[in-house]
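There are 2 protein chains.
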Amino acid sequence: MTASRTAFEDRLREIGRQRYHDKHPFHHLLHSGGCTADQVRAWVINRFYYQASIPMKDAAFMSRVEDPALRRAWRSRIEDHDGTDAQDGGIERWLRLADAVGLDRDYVASKDGVLPATRFAVDAYVRFVRDKSLLEAVAASLTELFAPKIHAARIEGLLANYAFANERSLSYFKNRLVEAPKDVAFGLSWVLDYADTAEKQDAAAAALIFKTDVLWAQLDALHAAYVEPARRPPGAWDPGTYLRAHAAKAS
Amino acid sequence: MTASRTAFEDRLREIGRQRYHDKHPFHHLLHSGGCTADQVRAWVINRFYYQASIPMKDAAFMSRVEDPALRRAWRSRIEDHDGTDAQDGGIERWLRLADAVGLDRDYVASKDGVLPATRFAVDAYVRFVRDKSLLEAVAASLTELFAPKIHAARIEGLLANYAFANERSLSYFKNRLVEAPKDVAFGLSWVLDYADTAEKQDAAAAALIFKTDVLWAQLDALHAAYVEPARRPPGAWDPGTYLRAHAAKAS
Numbered sequence: 001m002t003a004s005r006t007a008f009e010d011r012l013r014e015i016g017r018q019r020y021h022d023k024h025p026f027h028h029l030l031h032s033g034g035c036t037a038d039q040v041r042a043w044v045i046n047r048f049y050y051q052a053s054i055p056m057k058d059a060a061f062m063s064r065v066e067d068p069a070l071r072r073a074w075r076s077r078i079e080d081h082d083g084t085d086a087q088d089g090g091i092e093r094w095l096r097l098a099d100a101v102g103l104d105r106d107y108v109a110s111k112d113g114v115l116p117a118t119r120f121a122v123d124a125y126v127r128f129v130r131d132k133s134l135l136e137a138v139a140a141s142l143t144e145l146f147a148p149k150i151h152a153a154r155i156e157g158l159l160a161n162y163a164f165a166n167e168r169s170l171s172y173f174k175n176r177l178v179e180a181p182k183d184v185a186f187g188l189s190w191v192l193d194y195a196d197t198a199e200k201q202d203a204a205a206a207a208l209i210f211k212t213d214v215l216w217a218q219l220d221a222l223h224a225a226y227v228e229p230a231r232r233p234p235g236a237w238d239p240g241t242y243l244r245a246h247a248a249k250a251s
Numbered sequence: 001m002t003a004s005r006t007a008f009e010d011r012l013r014e015i016g017r018q019r020y021h022d023k024h025p026f027h028h029l030l031h032s033g034g035c036t037a038d039q040v041r042a043w044v045i046n047r048f049y050y051q052a053s054i055p056m057k058d059a060a061f062m063s064r065v066e067d068p069a070l071r072r073a074w075r076s077r078i079e080d081h082d083g084t085d086a087q088d089g090g091i092e093r094w095l096r097l098a099d100a101v102g103l104d105r106d107y108v109a110s111k112d113g114v115l116p117a118t119r120f121a122v123d124a125y126v127r128f129v130r131d132k133s134l135l136e137a138v139a140a141s142l143t144e145l146f147a148p149k150i151h152a153a154r155i156e157g158l159l160a161n162y163a164f165a166n167e168r169s170l171s172y173f174k175n176r177l178v179e180a181p182k183d184v185a186f187g188l189s190w191v192l193d194y195a196d197t198a199e200k201q202d203a204a205a206a207a208l209i210f211k212t213d214v215l216w217a218q219l220d221a222l223h224a225a226y227v228e229p230a231r232r233p234p235g236a237w238d239p240g241t242y243l244r245a246h247a248a249k250a251s
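Chains as they are written, first to last, in full-length UniProt numbering: chain A, 1 to 251; chain B, 1 to 251.
Just so you know, the hints here were simulated from the structure itself, not pulled from any lab data. Idealized CB from N, CA, C, for every residue including glycine. Incorrect hints may have been included.
[To be verified] Selected chain B positions facing chain A (Cβ under 8 Å, derived; list incomplete): (1) F8; (2) R127; (3) D213.
[What the hints assert, rightly or not] Capping the alpha-carbon separation at 25 Å, the derived lysine-lysine pairs in PhoX-like fashion look like this: (4) K111/A <-> K132/B; (5) K111/B <-> K200/A; (6) K23/B <-> K149/B; (7) K149/A <-> K182/A; (8) K132/A <-> K111/B; (9) K111/B <-> K174/B; (10) K174/A <-> K149/A; (11) K200/B <-> K132/B; (12) K132/A <-> K132/B; (13) K132/B <-> K182/B; (14) K174/B <-> K23/B; (15) K182/A <-> K23/A; (16) K149/B <-> K111/A; (17) K174/A <-> K111/A; (18) K174/A <-> K23/A.
Model the full assembly from the supplied sequences, consistent with the hints where possible.
Below you can see the structure in the form of structure tokens.
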């Protein structure tokens with residue numbers, strides 16, 4: 001059954017509450033000041049791969065949009081990341097963060113040393129947007145719904161806990177506080193308009209879940225490589241749950 | 001400079017010695033009997049996603065091959081995995097292993113509960129074969145050069161250490177002992193023939209490294225989710241190495 005606009009929006013927001021990477025322990029560690037300098041650097045190096053790929057993702061999306069109005073509405077995302085004559089973009093601002101944490105920005109920009117798992121996850125997102133329906137591509141971008149909260153917490157946590165944090169080094173996040181709500185207001189309204197059947201609503205919800213997996217997998221890889229212990233992402237096979245479900249099935 | 005055929009083959013084999021997933025601690029744990037039943041199950045569930053994707057990868061390759069002789073030589077790979085009227089394929093044999101470790105084969109075949117990181121890595125391989133040159137696609141398959149050794153060790157280790165292991169449950173690996181050398185003899189000779197410039201040799205070597213990353217990332221994700229602690233895959237940013245390299249650069 002097709003859910004109402006409000007109920008469908010609630011369903012999407014619930015996905016964020018359950019699965020967005022603000023729940024990942026790496027973020028708690030980072031924001032609370034618990035990361036070593038090298039753990040922060042590993043995050044900066046790996047997350048750069050995501051930043052650098054986002055405008056390619058947006059170009060892949062626009063390459064499939066026939067409606068000039070939709071392309072126009074989307075285009076500012078690329079400008080926000082790549083910059084304009086008048087203003088640096090998000091990629092340059094991320095490299096300022098790399099400077100501030102004591103990394104060679106050329107090394108970071110080279111993408112050497114990025115975890116293969118980071119590449120696999122981020123590339124999966126770019127290809128998802130290239131291959132899936134426009135509705136699924138826009139729905140996947142709706143993790144931006146949940147971003148301002150984590151960016152605000154990050155700015156506060158980094159400023160309180162790390163010497164490298166200041167207005168300049170954190171300018172990426174400050175800008176996203178303005179850019180993300182603008183982008184997501186458009187994207188959410190588009191998805192709510194276009195997902196007008198139960199099937200489309202399911203596809204949009206699955207796309208948003210996919211995107212939360214992309215974000216979560218990046219932190220999992222980072223955590224496993226540079227922090228530590230056994231954790232599994234939301235939705236992965238859980239021995240206890242499986243046993244209960246299959247015991248119930250057998251009885 | 002273009003390396004000789006022998007020197008280039010050595011270069012490819014050295015990649016296996018450095019980076020093949022027989023070096024991953026999860027395999028040591030598995031083969032030595034150190035895995036719990038649930039850790040074996042998690043491996044069976046996740047590795048099924050790889051098994052199930054391989055014939056799609058091979059079909060993607062064949063869809064781009066214009067030479068009927070090369071397609072004919074490649075076709076047995078799909079038969080080996082999907083089976084023929086006369087013989088079960090590798091996917092069915094993997095499901096026998098799922099039965100033997102006490103999993104519901106329908107659950108395993110559904111691919112529910114597969115780690116997102118497994119999907120991202122395996123899908124990256126299918127897409128690599130779809131998008132890159134034929135030479136790179138064949139070169140990526142050359143991890144089969146290193147497979148018979150690990151399959152032999154696995155059969156021996158599983159038989160010695162786990163009650164579920166017997167001729168039937170391990171038939172997947174026994175068959176691969178015969179299939180992999182046949183496939184790889186063809187693939188290796190093809191790559192040695194076609195990589196006739198330094199640039200092509202570099203591309204083939206990079207493709208093989210990519211494939212070792214695909215395999216390693218799957219075990220890393222498994223290890224992080226179901227076993228434990230901080231490890232990073234070969235080639236990932238290493239704080240100590242980075243520091244030494246950049247200190248040398250600065251001085």
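Going through the hints against the structure:
Hint status for F8/B: violated, given a least beta-carbon distance of 24 Å to chain A, over 8 Å. Given the 8 Å rule on beta carbons, the hint for R127/B holds: about 6 Å separates it from the nearest Cβ of chain A. Taking 8 Å as the C-beta contact cut-off toward chain A, the hint placing D213/B at the interface holds, the least distance being around 4 Å. For the proposed pair K111/A and K132/B, the alpha carbon gap of about 20 Å is at most 25 Å, so the pair holds.
Only pairs whose Cα atoms come within 25 Å are accepted, and K111/B paired with K200/A is accepted, the gap being roughly 22 Å. About 12 Å separates the Cα atoms of K23/B and K149/B, which keeps this hinted pair within 25 Å; it holds. For the hint pairing K149/A with K182/A, the CA-to-CA distance comes to about 14 Å; that is within 25 Å, so the pair holds. Straight-line distance between C-alpha atoms of K132/A and K111/B comes to about 20 Å, which keeps the hinted pair within the 25 Å bound.
A hinted pair counts as satisfied when its Cα atoms are at most 25 Å apart, and K111/B with K174/B qualifies at roughly 24 Å. Taking the CA atoms of K174/A and K149/A, the gap is near 12 Å; set against the 25 Å cutoff, the hint holds. For a cut-off of 25 Å, the pair hint linking K200/B to K132/B stands: about 12 Å separates their Cα positions. Distance hint between K132/A and K132/B is fulfilled; the C-alpha atoms sit about 21 Å from each other, no more than 25 Å.
At most 25 Å may separate the alpha-carbon atoms for a hinted pair to count; K132/B and K182/B meet this at roughly 24 Å. Of the pairs offered as hints, the one joining K174/B and K23/B holds, with about 21 Å between alpha carbons and a cut-off of 25 Å not exceeded. At most 25 Å may separate the alpha-carbon atoms for a hinted pair to count; K182/A and K23/A meet this at roughly 24 Å. Straight-line distance between C-alpha atoms of K149/B and K111/A comes to about 33 Å, which puts the hinted pair past the 25 Å bound.
Pair hint K174/A plus K111/A holds up; C-alpha atoms about 24 Å apart against a cutoff of 25 Å. Restraint check: the Cα-Cα separation between K174/A and K23/A comes to about 21 Å, which is no more than 25 Å; the hinted pair holds.
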